[in-house]
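Colleague: Protein sequence lines correspond, in order, to chains A and B.
Numbering of the first sequence is given in this note's numbering, commencing with residue 1 and proceeding in unit increments.
Numbering of the second sequence is given in this note's numbering, commencing with residue 1 and proceeding in unit increments.
Calculated directly from the structure, the hints in this document are not laboratory data.
Take the hints with a grain of salt, since some may be wrong.
Same chains, same names: a pair is fine if it fits in one copy or spans any two.
[Said to hold, decoys possible] Simulated crosslink set (DSBU-like; lysine-lysine; CA at most 30 Å straight-line):
{"hint": "1", "residue 1": "K178", "residue 2": "K138"}
{"hint": "2", "residue 1": "K138", "residue 2": "K172"}
{"hint": "3", "residue 1": "K26", "residue 2": "K16"}
{"hint": "4", "residue 1": "K138", "residue 2": "K62"}
2 protein chains.
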Amino acid sequence: MNDIICTVDVVLMTLKDSRLHVALLKRDHAPFAGLPALPGGYIRAAEDGDTQAAAARMLREKTGIDSPYLEQLATFSGRERDPRGWSLSVAYYALVPHELIERAGHPEVTLLPVDKVGELPFDHAHIVAAAVQRVRNKSSYSSLPVYLCGDSFTLPQLQAVYEAILGEPINKVSFRRKMEELDMVEPVAGAMETGKAHRPAQLYRLRECYSRNLSLTDRALNAKG
Amino acid sequence: MNDIICTVDVVLMTLKDSRLHVALLKRDHAPFAGLPALPGGYIRAAEDGDTQAAAARMLREKTGIDSPYLEQLATFSGRERDPRGWSLSVAYYALVPHELIERAGHPEVTLLPVDKVGELPFDHAHIVAAAVQRVRNKSSYSSLPVYLCGDSFTLPQLQAVYEAILGEPINKVSFRRKMEELDMVEPVAGAMETGKAHRPAQLYRLRECYSRNLSLTDRALNAKG
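Extracted from the complex, chain A is given alone in its bound form:
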């Protein structure tokens, strides 16, 4: 039909030590065999319903992870990016709690801080940079960062996650107001965080309706003026 190499790549991100990390996988075949790169591969027309399904399959096969949130980032293409020939990669990104990656325990997956990836095969460093920019922009007016949290969390924990992504402190009152506006979390009945030195805090969880959809606001959390 044509001579275009059609692939998907997934930028799987998580928060570790309060820093955004990306999951890289050692490539087991040429080109760039042995080098860490984004999990990805050929779209299989016989198997994948669409590129989103191909990305979900890739993530599952290569990292053992089913991400609740997987969004298309952009398509990267051209003659130069793959030594095998003219190629296009439909790139997706996913955010998951760190525990999920640890639990999947895939031996070939390594986590690198997003600002320390350096050079990567193909244009993967460029794809990672685009994904990080998307996550930062989108986090400022949506529920996106909550996918980095576990099943339940306190509001101060959630605020710390937003601050880690946005890279700046957020006023606690503005944060609480924004969370009310986004209306994306609900208290877990009777569940308090315990075992800490300070007073137990109410635990929250993502509301069911937002388990795979973002809640959005029209004014950025960190908007100036």
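Using the hints, position chain B against chain A.
Modeller: Same frame as chain A, now just chain B:
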């Protein structure tokens, strides 16, 4: 190499009678021969540097238009969208002044209001809807609508373009403040709009540095609260 049909499609939009319109082109071959659809076609690996170049070529060949601003929208894919088989279309969108389409004068191009496209071949109605949503969202915090204006325009004319896209009136003072913040237009030295009943108004133009890049602000023009 594979059995995936790789195409690009372009959602070319303009403002006509203060309403956003999309350019459709009568298809000259199967499938859907004779029906109006988005200008698009196969990516040619031998000819196109990347999908962006393919989209620019398609627009030029099929409508005679070189758009200064052409942005990737998203990739639409799957087994069902094209009767010929598993396909993907990397969709782009472009905004141009109405005069540019009239000047190109392509006989097969028709303009339809974006909310009146009805059913279209493939998933083109869905692609148009996604493009319109992108333009509306992006216009609220960027210089995007200026691509709908001609080479020079008055501030009231520019405000009317923003209002047409956003679908709501904008306070004049907020608008002027936002334009200052975006810093995207400059007065055309000595040029005033004339021939109107009211007092001549200063003409402005897009600053050179934004001729192909957006100026962005972090707070929406129509943000509430």
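Colleague: Now, for every hint given, state plainly whether the structure supports it.
Modeller: So, going through the hints one by one against the coordinates:
no., hint, in the structure
1, K178 with K138, "both (14 Å within a copy, 21 Å between copies)"
2, K138 with K172, "both (20 Å within a copy, 28 Å between copies)"
3, K26 with K16, "within (20 Å within a copy, 53 Å between copies)"
4, K138 with K62, "within (26 Å within a copy, 35 Å between copies)"
The structure fails none of the hints (numbered hints given earlier).
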